[in-house]
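*Asks:* The primary structure of each chain is shown beneath.
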Amino acid sequence: MSALAGLLVVIPALNEEATVAAVVRGARERLVADVLVVDDGSTDRTAEIAQAAGAFVLSHPFNLGVGAALRSGFRYAAERGYTMVLQLDADGQHDPAWAPSLIAPLDEGVDIVVGSRFAAGFHTGRLRRLCMRWLARIVSRRTSVAVTDTTSGFRAFGKRAVERFAVSYPTEYLSDTVEALLLAAAWQLEIREVPVEMRPRQGGQPSTGSVKSLYHLIRLVLVIALHRVRQPIDQRRH
Amino acid sequence: MSKLELFLFVVAVAQLVFVIEFVRRRKLLEGFAVLWITVGFGGLVLVVARPLIDRVADAVGIAYGASLVLTLGIAFLLLVCMSLSLHVSKLESRVEVLATEVAFLRGVRDPVAQED
Chain V
0 MSALAGLLVV IPALNEEATV AAVVRGARER LVADVLVVDD GSTDRTAEIA
50 QAAGAFVLSH PFNLGVGAAL RSGFRYAAER GYTMVLQLDA DGQHDPAWAP
100 SLIAPLDEGV DIVVGSRFAA GFHTGRLRRL CMRWLARIVS RRTSVAVTDT
150 TSGFRAFGKR AVERFAVSYP TEYLSDTVEA LLLAAAWQLE IREVPVEMRP
200 RQGGQPSTGS VKSLYHLIRL VLVIALHRVR QPIDQRRH
Chain B
0 MSKLELFLFV VAVAQLVFVI EFVRRRKLLE GFAVLWITVG FGGLVLVVAR
50 PLIDRVADAV GIAYGASLVL TLGIAFLLLV CMSLSLHVSK LESRVEVLAT
100 EVAFLRGVRD PVAQED
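Chains as they are written, first to last, in numbering that gives the first Met the number 0: chain V, 0 to 237; chain B, 0 to 115.
Just chain V, with the same shape it has in the complex (with noise of 0.2 Å):
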């Protein structure tokens, strides 16, 4: 058995029919895993074409979000025993060759592991700095690691981190990046982060506007603040 085994990847998958196809077989001519698309409600061809390129297909009737599709990935993980999950965006930004050393420190009994763009020299516009840098300076206290890129979607994730996060997965747009890495604080498990580079992406739309992004943002903030007095969030409970 290699190193790799009990691997999951999870693709997040909406309406990314144009790329949706190379992320699936650049995955699997990588890595040693089996490789699962959550299609969130695509309108697309993304289910059948993901399908189609060699992996596995978990369709939501309607669009959820992207933290909703990952959460269904790892409920998915647990149920079938795979002991890590790879997630990797749709669109073709983030690439497979450095999956190695995003999985590797899962071996030292490392929970999660966050690909980062900055350590490896990312550049963005300021006003998207500004906010990722103060997003990294909070993340990094609450969490006592250092992070530099809270919202990146490229990581890795160990058996208990995949357990937890199966029952348990904040679902809003950026609450499924940084939330996600103050849930698994507040439960104690390792983080670490590792320089990985990203392509642009290979076709597809950004996922918000301007406007939107303010919103969500806000959002955060009030996420944020209340991490530490607010009740768990349990599926169970409905």
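Calculated directly from the structure, the hints in this document are not laboratory data.
Since we're looking at a predicted model, the values are computed, not measured.
Beta carbons are placed, not taken as given, at the ideal position from N, Cα and C, and that holds for glycine.
A hint or two may mislead.
Taking beta-carbon pairs under 10 Å as the criterion, some of the chain B residues facing chain V (in silico) [to be verified]:
#: 1; residue: G106
#: 2; residue: V107
#: 3; residue: R108
#: 4; residue: D109
#: 5; residue: P110
#: 6; residue: V111
#: 7; residue: A112
Cβ pair distances, simulated, as ranges [as the list claims (entries may be wrong)]:
#: 8; chain 1: B; residue 1: L3; chain 2: V; residue 2: P231; range: 22 to 30 Å
#: 9; chain 1: B; residue 1: M81; chain 2: V; residue 2: V220; range: 44 to 52 Å
#: 10; chain 1: B; residue 1: V55; chain 2: V; residue 2: R127; range: 49 to 57 Å
#: 11; chain 1: B; residue 1: S84; chain 2: V; residue 2: P199; range: 36 to 44 Å
#: 12; chain 1: B; residue 1: V96; chain 2: V; residue 2: S143; range: 31 to 39 Å
#: 13; chain 1: B; residue 1: L97; chain 2: V; residue 2: A21; range: 48 to 56 Å
#: 14; chain 1: B; residue 1: L3; chain 2: V; residue 2: R127; range: 50 to 58 Å
#: 15; chain 1: V; residue 1: L129; chain 2: B; residue 2: L83; range: 34 to 42 Å
#: 16; chain 1: V; residue 1: R229; chain 2: B; residue 2: D53; range: 22 to 30 Å
#: 17; chain 1: B; residue 1: I19; chain 2: V; residue 2: R44; range: 20 to 28 Å
#: 18; chain 1: B; residue 1: R49; chain 2: V; residue 2: R141; range: 55 to 63 Å
#: 19; chain 1: V; residue 1: V220; chain 2: B; residue 2: S92; range: 17 to 25 Å
Dock chain B against chain V, hints included.
*Replies:* Frame of chain V, contents of chain B only:
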């Protein structure tokens, strides 16, 4: 009865009629209907109880009865909006749970056999 009173009376009665009709057609849950029927009757009471309102306003130190009604009305509507937001939040998280369950009940599709 002044023109204003007549107008308010008609509005209140129309509201009651609409609410009852929505319940009859099963478009409105009885629970919400109770709320809006109460509001309708409240409107009717306001029409006949204007002197009383003025006296209450005077007692709590508000110059005009109309201001008192407006203030209470806005506070009431804010409460209703809050409770609706709570309802919607609960429904949203339930929908999310249900949609996820549907996805898992439909099952994961296996990869199409590869030629390699």
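*Asks:* Hint numbers the structure violates, sorted upward?
*Replies:* 8, 9, 13, 16 and 17
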